[in-house]
Structures are given as structure tokens and as C-alpha cells.
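A.B. asks: Chains A and B supply the protein sequences, listed in that same order.
To convert a position in the first sequence, counted from 1, into the numbering used here, add 427.
To convert a position in the second sequence, counted from 1, into the numbering used here, add 427.
Calculated from the structure, these hints are not laboratory results.
Please note: incorrect hints may appear among the correct ones.
[Unchecked claim] Pairwise CB distance ranges, derived in the manner of DEER restraints:
1. A/L518 - B/D619: 28 to 36 Å
2. B/G840 - A/T680: 52 to 60 Å
3. A/T542 - B/N429: 26 to 34 Å
4. A/T788 - B/E683: 27 to 35 Å
What you are looking at is a predicted structure, and each value in this text was computed from that prediction instead of being measured.
A virtual CB, placed ideally from N, CA and C, is assigned to each residue, including glycine.
Number of protein chains: 2
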Amino acid sequence: MNAELVTVGSELLRFGKRDGNSEWLARQLQRVGVEVTARTAVDDDLERIASVVSAAFRRADVVLITGGLGPTDDDRTREALGRALHLPLVLDESRVEQLRRLYEQYGRPLGAAETKQAQRPRGSSWIDNPLGSAAGVLVEHEGRILVALPGVPAEMRAMFSATVLPLLERAGLQPLRALTLKIAGHTESSLDRRLRDLYAISGLDVTVLGGVEGLELYVRARSVRGRNDEAEKALAEFERQTRERLGADVLGTGEEGLAAVVGALLRERGQTLATAESCTAGLLGAALTDVPESSKWYRGGVIVYADELKPLLAGVRAETLADHGAVSEAVARELAEGVRRRCGADMALALTGIAGPGGGTAEKPVGLVHVALQDDLSSLHRRLRFIGDRDTVRRRAVTAAMDLVRRRLLERG
Amino acid sequence: MNAELVTVGSELLRFGKRDGNSEWLARQLQRVGVEVTARTAVDDDLERIASVVSAAFRRADVVLITGGLGPTDDDRTREALGRALHLPLVLDESRVEQLRRLYEQYGRPLGAAETKQAQRPRGSSWIDNPLGSAAGVLVEHEGRILVALPGVPAEMRAMFSATVLPLLERAGLQPLRALTLKIAGHTESSLDRRLRDLYAISGLDVTVLGGVEGLELYVRARSVRGRNDEAEKALAEFERQTRERLGADVLGTGEEGLAAVVGALLRERGQTLATAESCTAGLLGAALTDVPESSKWYRGGVIVYADELKPLLAGVRAETLADHGAVSEAVARELAEGVRRRCGADMALALTGIAGPGGGTAEKPVGLVHVALQDDLSSLHRRLRFIGDRDTVRRRAVTAAMDLVRRRLLERG
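Pulled out of the complex, with its shape left as it was, chain A reads as follows:
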């Protein structure tokens, strides 16, 4: 089963905006085994929408359209569907009645523009919108499915999960058995060397994807044909062997990011964390607290961007700074030690480095970052070198720091 996505809206084309709805839908579809073969964003032009939709419907089993279902003049998806499918629009009186009640609740009159929302192509049906006035439209035609949903992300997502997914399953979609394993501390080729023979387990299809926080192994069980137990067994075997070989390099299997994994480990062990940041200047603290309820395990810390603040806020010794410079192992270790003590935390992470674009030297180049971790038993340190622009260096430094504490927590048990 393959799908094409169409997003309607001039505002999306302007200024190169990101198409968040299509990105989200593509992930959901992939997860259940529907291959997304194309996605198009098109402006509010009626002819163009119709042309894009009709081409997509010729190429794909499923076409999902978002946007253009509202009451304004710019909302032309309904009409474009009619043109693309050569079907007249009909007014559904019972839907008009529903809209009348809805707008009464809103305290707004139901005018001609709003009533337009009760039109749909002949033979199509409604998809209930639990969160707004724009119902979705479903057309089934020669085994193909065309669905139009509103562009408001919350409405679109709710309708996709409640109605469209079950619809695809009824249409013969066999939910795919799949597994995602997040991996830290590997390159594609080092992973390949360690796992190559596992990739060949019969019936499995393995894709390696790069992300900000490391690699992801996306493993699909192919050619299931009703034998889900076989597929599950193959996936479980893949996971078992991968974990055996990679140990702590396996971050997890879920949607959870590194910060959430670190948070869960800290919480489980009743430990707290503090941070001292120089080059990342708060990015680590912000990443950790992106996780709801992070106050259960994250205490806070210091941003010691100016060198004078390293002694003032984290107790780094002036001699250490003078002897080794701010970007050094010794300063990283003292930062971690100092912030741990001052914040009364069980563990502390410190980062100091050169994010660029300026400030690098032959000895201390742009991209050099020292990470230190202090707990009650030991002081760990990593000297790292990242290649990339300022943003990349800072983000990768944050990832490395979180991964260091994650590994330490696993090791301590």
C-alpha cells in the first residue's frame, strides 16, 4: 500500500515554511507500513489543487490531503476534490443542521461562508472532527482511498488516529511489525561491522537513519502474510542480539529522546543532576527540562560563559584557569565538582569548549569540547572534537554530555 500526501495552503509555500503536517503524517504512515511515495504542498489555486490531487490519486492507493476545508474564500479543497474526481458538490442538509448547533455553541452566526462546510463531493462521506467545525471528507473509489482533513494540526492528528487509521486497516492494510532501536556512540560503518550478519536475518528489512542524537535502526518485518508470530519472533531475536552486542550503546526502543532516557534513569535511582555550561550556555539545561516533570531529578546549575564567572559561580580556581585555559580538562572537572557541591546534587555535568565560528587556535580548534561528570565516587572526563557550524557543535556537545551521564548511571546500576 502506498500513499501520497498533499498539503494545501499558500502560507506554506511562502518563505519556505516547514510542512509539519506532512512530516507528522509520513511518520505515522511509515510506522504502520504504508509507504509514502510523494508529498506535495500546493497554494490555494483551485486548478492547481485539482491537478495535484488528480495526479496523486492516479499514482497512489491512498491520498491524504490536509488544509483548505475552512469557511473562508481561500479554502478551496472541497471544490478542487470535485474537479479532480469529476464529481459535483452536494449540500448535506443534516450537516448544515450540525453546523448550526455548533455555531450556536460558539455564539457566532452560521453564514453562507460557513454553510459551505456542509458541501462534499457526491458519494463521499464525512470524517468526524471532534475539535472543530471542519469535518473531513472521505472518497473511496475503485479500491483507492482519498481523505481530506483540516490543516489545524490538533484536529488533523485527532481525526487521523480516530478515523483514518482504522479505515486503512479495514481497507486491507496489515499493520506492519516494526522496531526502532536508538543507538549512541556509533557511526554507520562501525554499526555495520558489528551488526552486518543480523541485517541478513530472513524476513527483516533494516534501515539505518542518522539523527541529532545518534543513529536509529528501523527494522521492519517483511512478507508477513498473516504470520505475525513469526515476524514478532524475528524482531525479538534481532533486538536481543543487538542488545547483547552493543550493550549500553542501545539507547532505547521508543519515541523517547536522550533527555527522557536520562531522566527516567535518574528518577528510578533517586538521583539528582546539576549542570555547569560554558560554550552551550544553557542548551543542556534547556534540553533536560524539555522533559515534563524534570524537576523531580534536575536541580539547575550555572551558565559560566564569561571566564570570570567560572571561579565566581562554580568555584574554579584562578590558577587552574591561568594554567590550562578555560577550554581544558582541568576546568571542566572543577566546574563539575563545583556545581555539584553548590547545587547539592548527586551528579553534575560540565561543558566547556569552542563552538565557533571564531576563537579557534591550532591547539584548541573550533569544535573542541571538554565534558566532565562528577558524582560521589568519581570524576569522568571526555575530550571531544565536533565538526560543523556553531549550532551543530553545541547540539552535539549537549548530546555527548547526556550520553555520558546515561552510561555512568547504567554502569553504576
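Since chain A is already given, all that's left is putting chain B on it; use the hints.
C.D. replies: Showing chain B alone in chain A's frame:
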């Protein structure tokens, strides 16, 4: 002149990846006045690429394709172009010779796969690639232009700027006169009330766009017809009157974000800034230091996520915490005062609030944020209420804090 963008590559469709090339191209084209009316990402299937390209070429004056020009089996754009345009592929011997020399430099043999890169549709021409082996392809047909560029962002961007833009100008594109004004502290409707009559200045086309940091007014001078001086005059008049009416609500005209604007003001005035963050936990520090050379004006600060750290790291009095609670005007003011003193900064910003999803009460709901600003003369405070998820509340709080210091700097002069 309208354009459609096509990005080729299965990897882009998987997992809902972001289409960075199209986003970049859309911005570039818009800047020179080419309207982007659709953009499509399509997988590596030959038939599908050909179908998408030929539909786009029917609808648009300009079609820009990126990706699929490399030497591997997956690279099928060349062939798809031939199919879409009904043109046979021909091998360019002089290009083979160039490739041979290039691969000699790389120290790699030029095999059959690589030689494929010397093929192009009959009648097309090459677009030089200064950074790699995959040349671009240009087809001009009945006044329409079709360009295929490699998908490697650096190569694509260099080729677009060096060759494609001049080509569009030769093809009759009149570079558009346009102006972007970033606005803080307004909603679309409040802006509308203040500026409505200006929107009607003859020959100008005004679009209001929402962003994380406020609104953007994008003003284009229409129907220029060679009279650039008239267009410039209309834009200058629009800017003058907008600035007169909105004063400090105008953030700037450039690509620069709020952090860069704040940084430039601080630097100009020789002032330094420190931060104390609770709910944002480093996001403000990270945003400020996203600007290169921010060490010239940003000193650092404290992340006082746990309440116990507010006295410890920023000198908030225990009574203030007990009497008013951590999310309060009094605590925000003491945080700003304390961090300013401890960091030896001229100005200090403090943020304390409830980012959610949990932790809200009737009196102190999720989204409530107190911002305080302390300098040598005064202590300012704002009580704000943001609607949205955790991430939105935190980002908008950071924007509000940066805007507060910006306005204070402008006011002090």
C-alpha cells in the same frame, strides 16, 4: 513568474524528514519575486519522478528539481527528465573527459556508473558544479525553464546563486523590490488597526506572517515595470510611516533574530547582560549565545530550577519564597537583582513561571510567567500569560524577556 520545486529522494519521504532544500529555495525565490506555487518531494521511482516533473512543467514557468543526479542506481532524475520531456538522453563526450580528470583528482576510477553523469536530455545544457562531480541540467522550452541540481545542499546552493539566479534574470525576471519589517508586541488585528491605511499605499502588497518572535510584515512593490525608483520610494514611505507609528515595536528589517538585535544594542552601548532562569532552565542563555561573539555582551547566569537554588545561587530571600511562592513578581525581581550582582553585569533578566503540562493552579495557571529586568537605575517587571504546550510557553517566555531588555535599551538610548 511562478515556480514549482521538486525534491527527489526516497530518504526524504521516510520518517517524515524535513525538506531543507525546498525550504531554502522557496525563500530565495520569494526574495526575488518568483512565486512558488507548489513543491513536491518524490521517491526514487522513475515513473513517479517523470510524472511529477511533467505535471509541474505544465503548471509553472520555472521548475527546479534537486537530487537524483549522482552516479548510483538510485539516481534517476536524468532519466526521468528525458521521459517527462520526451527527449532521448545523449552522452556528452567532453563532459566524460571532464569527469575523467575530476575522478583522477579524487584518486578514484571513472566507471560506467560515474560516466552516467555525462548524460543529459538532447538539447539541454550543463550547469557547472564548482563543488562536486554532478553537474546540473538546464532545459529551456517554449519560454519555460527547467533546472535540475544535485541534492547536496552546499552544491545546490552554490549553483543556484552562481548560475540559476542570473539565468532567471536573463529570462525576464524583474528582481522584486521588497521589505521585511519584524514587529514585536502586536497581534495581527492590533497591527491591522494601526496600519490598515498604509496597507493600501498604491503598488504595495503587504503580507502579515506569524513567527516565534512576533509578526513579520512582508511588503512587496508590485507592477514595477522598470520604474524601480517609484517602487523604492513607496517602500521607503511605508517603512518611515510604520516606524513612526509603531516606534520600538519595530524590531528591525533584516534576517536578524531578536537575540542578534539585543546583542547589537548591548554591544553598541557597552553593556553586559546576565540571566536567571527557572521555568526556561537555560533556554534564554542558549538563545542569546546562538549569536556569534555573544561573549562580548553576555556574561552568563544561573539556572534555578529547584526552588532551593533560588536563594543559594541568586540570593532570593527565603521569606520572599515563602510569602509569594516561586512563581511571583517578588521572586522574579530578586532573581534579577541577585544574578546581576553576582555576575557583575550591567543588566539582568529573570524568568520564573509554570511551563506545564502539570503544576498549574487556579491562581497560578499553566502558562503564567513573570519576567523581571534589573539595571543600575530600575527594576522592571511583566506578568505574562501564554497559551500553548510546554515548548510554546517556554519559547514565548524567552522572546518576551529578550524583548523587554531590547525596549529598555532603546528607551535609555
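A.B. asks: Could you run down the list of hints and mark each one as holding or not?
C.D. replies: Okay, the hints, checked on the actual structure:
no.	hint	in the structure
1	A/L518 - B/D619: 28 to 36 Å	holds, 33 Å
2	B/G840 - A/T680: 52 to 60 Å	holds, 57 Å
3	A/T542 - B/N429: 26 to 34 Å	holds, 32 Å
4	A/T788 - B/E683: 27 to 35 Å	holds, 29 Å
Of the hints listed earlier, there is not a single one the structure fails to meet.
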